[in-house]
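Trainee: Please build the complex by placing chain B on the supplied structure of chain A, with the hints as guidance.
Note that the protein sequences, when read in sequence, are chains A and B.
Counting in the numbering used here, the first sequence runs from 3 upward without gaps.
Counting in the numbering used here, the second sequence runs from 4 upward without gaps.
Hints were generated in silico from the structure; no laboratory data involved.
Remember, it's a predicted structure, so these values are computed and weren't measured experimentally.
C-beta atoms are modelled at their ideal positions from N, C-alpha and C, and glycine is treated no differently.
Treat the hints with care, since some could be wrong.
[As the list claims (entries may be wrong)] With a straight-line Cα cutoff of 27 Å, these simulated DSSO-like cross-link-like pairs (lysine-lysine) come out:
| id | chain 1 | residue 1 | chain 2 | residue 2 |
| --- | --- | --- | --- | --- |
| 1 | A | K175 | B | K392 |
| 2 | A | K189 | B | K269 |
| 3 | A | K208 | B | K147 |
| 4 | B | K127 | A | K208 |
| 5 | A | K175 | B | K481 |
| 6 | B | K131 | A | K208 |
[Stated by the list, open to error] Below, a sample of chain A positions facing chain B; criterion: calculated Cβ distance under 8 Å:
| id | residue |
| --- | --- |
| 7 | R181 |
| 8 | G211 |
| 9 | I214 |
[Unchecked claim] Here's a subset of chain A near chain B, in silico, CB distances under 7 Å, partners left out:
| id | residue |
| --- | --- |
| 10 | G178 |
| 11 | T183 |
| 12 | M185 |
| 13 | I188 |
| 14 | P200 |
In case you want the letters, here they are:
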Amino acid sequence: MAENNISSSLEDYLEAIAEITADNGHAHTKDIAERLKVKMPSVTNALRQLAGRGLIHYESHAPVVLTPAGEARAAAVQQRHTTLQNFFRDVLKVDEQSASDCACKIEHVIGEEVRQRVAVLARAIAERPDCAELRRYLEETMPGIHASQENLLCTLDQLQPGQRGLVTRVDEKLPGARRLTVMGLIKNAEVEMEGRAPFGDLLRLKLLGSSITLRAGDAEHVLVKPV
Amino acid sequence: MKRTFRIALAGNPNAGKTTIFNHLTGAHQHVGNYPGVTVERKSGHCRLGELELEIIDLPGIYSLTSATAEERIAAEELQSGEIDLILDIVDSANLQRHLYLTTQLAELQLPLLLVFNMADDARKLGFKFNYDQLERFFGAPIVKTIGAQGIGIDRLKLTVSKMLRGELVLPPARFTYGVEADRMIQDLAEQLHTALPTLPITPRYYAIKLLEHDREIVARPEFAPLLPAAEEFRRQLTERLGVDMETFLADQRYGIISGACREAVKRTLNQRIQISDRLDSVLTSRYFGLPIFLMIMFLVFLFTFQCADPFIGLIEQLFESLANAIRAHWPESAAPIFRSLLVDGIIGGVGSVLVFLPNILFLFLAIAFLEGTGYMSRAAYVMDGVMHKFGLHGKSFIPMLLGFGCSVPAVMATRTIESERDRLTTIMVIPLMSCSARLPIYALIIPAFFVEKYQALVMWIIYLIGVVLALVLARLLKSTLFKGGDEVFVMELPPYRLPTFKSLCIHMWERTAMYLHKAGTLILAASIILFLISTYPIKTELATDYAGETQRIEQSTLAPEAKAEQLATLEAAQKAELLEYSVAGRIGRGLEVVLRPIGFDWRVSSALIGAFAAKELFVSQLGILYSVGDADEESMPLRTALRENYTPLQGFCIMLFCLVTMPCLATVAVVRRETNSWKLTLLQALGLLVLAWLCAFVVYQLGSFLQLGTQLLGA
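Chain A on its own, in the form it takes in the complex (with noise of 0.2 Å):
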């Protein structure tokens, strides 16, 4: 069967419609608009697509129907689906809704040579006797990595409170960006994050041994690197 493409939204709709089916025997397309969390017209528009590829059977008023052709793409995105949502959640111990948003995104585009590969790693991993170590070590070491704000820029007021870094660049667009460099904010200064005035527009800082106020607007045009 001709594997033609379709577009990762389109494979999403047909995931949802297998899902309703196996769920309530046959979907509408109200529960299809709800689950995928989209509008009537846009729903309207997918079905018509995929009943014009001869996936789905669909007349106005109808609950819609895979066909054969559909049901068999349906159960192949599911199955790159859990391929992937499993290898994260077992090999790379990632928590069950963060995998499953993951594989959701990538199922789209994984072939099913990759997926096939990956899942007979995901089993070597999880059944050989051999890799017992590596188990042991990925059970260890997998849950203590998170997302480091090391060596990741941002700007000067997505800084936390207590956080300090260490100044990049000033915008020099920012008209009286001159007043920020007199006051020595200038590449390589450091600059510690101490609070927000409320409602939350000013920003307060030490610099060069004192405070020194900024509005979130202008901190915007100044680059850091948290340290």
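Mentor: What follows is chain B alone, placed relative to chain A:
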């Protein structure tokens, strides 16, 4: 050497410049103008041995290159070529930022003296300075001082003497801005020297300014031929290094400073969290900041009104005794007009102003305290969010607070607001902050019409209406007339300090003096004029034969009390007739047409004329019109007269009108000066007048329609 040397005092805001200025010039020498905040050019005199010094306190600035008005003024003064010595005051506990200005001052290559102020704080923080090295580095002798306590001042004076006499000369600083930039500066300087050999300051300074594209320098015609070369250098540098010249030079300066500090400044203690930080974590906290602030404001007002009360009573008594003494010793027959002028006009008028002096003194004292401790910048920080929503600035807050005392220093205080648009908006709404001059009006009317338990409430309502109107108007102005993007707002939060009592008094006095000046001149003049227009022209042919009637009553067989009463009534009627005939009366009658829809009769209208000159005069004028001699707001007879003639609704409308209407003459004058625009000044005056009329109209008509307040509340 018998000539006057000129010394400029420069430094960042919060470096303690003004305190040192006061120490050097003895008393607080202000030349002329309203001081407000340190933006005006202040100068004073000092004598050191046989040397005569003129000392100029420059505005507090962070740099000589930015484009704010203060920085322009300072640069102009320093570039004039007439400065013999620069005293650079730095906060030695916060050196790095303060030295930024120093690097620029050093480039002027004028004799420079560094004053390391706040030496006690520096020591507490564990700083140790290698003064020799620093002196050599910056080419300037260094003197340690603790300005707040007057320590080090003698040493300072001695060093200044020596320098002026040529006994202490250090080789000038030699800063390097990197090989490229140095070459460019050198090149430009040489070109400048050839083209303009008679520049008042070393060509090197101008070379740097040209490279920085300093707005003022670049605009001067004599530098025009050098602009292309400067432009070329700027372009080259940006191309090579990828930053523009200003940023590059700023970087270099801070590099120079950190280099110097690394060598010559050691920190023995490493106390990261200071007391100021701890205080700030509470006072500027996102959640507690505002409530704490509101509480502090409440305390300020409490302090102002409660503590001032006994003094107000004292002053009232003083004026009363004065008036009585004059009445007793000046026979009624001798020049009766002048007698009346003195007692009713002048003492009555000026007295009613000075009675509120204690309120003003205490308010300004409280504000001076908050400013001195450094809390005011925190207040601006905390309030900024709220003020911003109404189109105002965090820094608008202090002027508006001052407005509760007197609009004149309040308008002056808006100079701290750098954004012109925000500044103008603030100036336009300041008169709506119910100033102390309106207090006599409220104090007269409220007890006349409202029972005791509602009195405080009504007062609060009036104040609140003022504030609400101000905020609404500000929002309106900001979205229409003064629409525009906000400019970069950076403000330093200086470390908390305990101000000395002396400095508090000086600051309190500065603003109070403005108020008194207004009282002494405008109000005095206005009182006299008002008296005259209420007296002249004198009606000679009276409707009733008062003399005859008086005789008849006196000769009648009535009891003495009854006689006295009838005589009093007759006298009142006579005065009333004379008044209607006078200029004031006629103007009142004329205005009545326009003011009747808001419930005012000719007397109130006439009294409002007085209010234009100074709000306080409304009461005394009303007193004159009701023939109650030397009336003030405590005057029972006047209150009774009001009660008999007006309803509470009218009373409220009178207060509302007085709250909103155009500001007094003194304020108008100051607004004209500060905005530099007749258009805006007139817009404010007329706009507020119309707004006042509209507000009173709505309230009066609605109230009459709903039958509210047409009877005495609770009576």
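Trainee: Does each hint fit the structure? Answer for all of them.
Mentor: The hints, checked one at a time:
no.	hint	result
1	A:K175 - B:K392	holds (26 Å)
2	A:K189 - B:K269	holds (23 Å)
3	A:K208 - B:K147	holds (26 Å)
4	B:K127 - A:K208	holds (19 Å)
5	A:K175 - B:K481	holds (25 Å)
6	B:K131 - A:K208	holds (22 Å)
7	R181	holds (5 Å)
8	G211	holds (5 Å)
9	I214	holds (5 Å)
10	G178	holds (3 Å)
11	T183	holds (4 Å)
12	M185	holds (5 Å)
13	I188	holds (5 Å)
14	P200	holds (5 Å)
No hint from the list above goes unmet by this structure.
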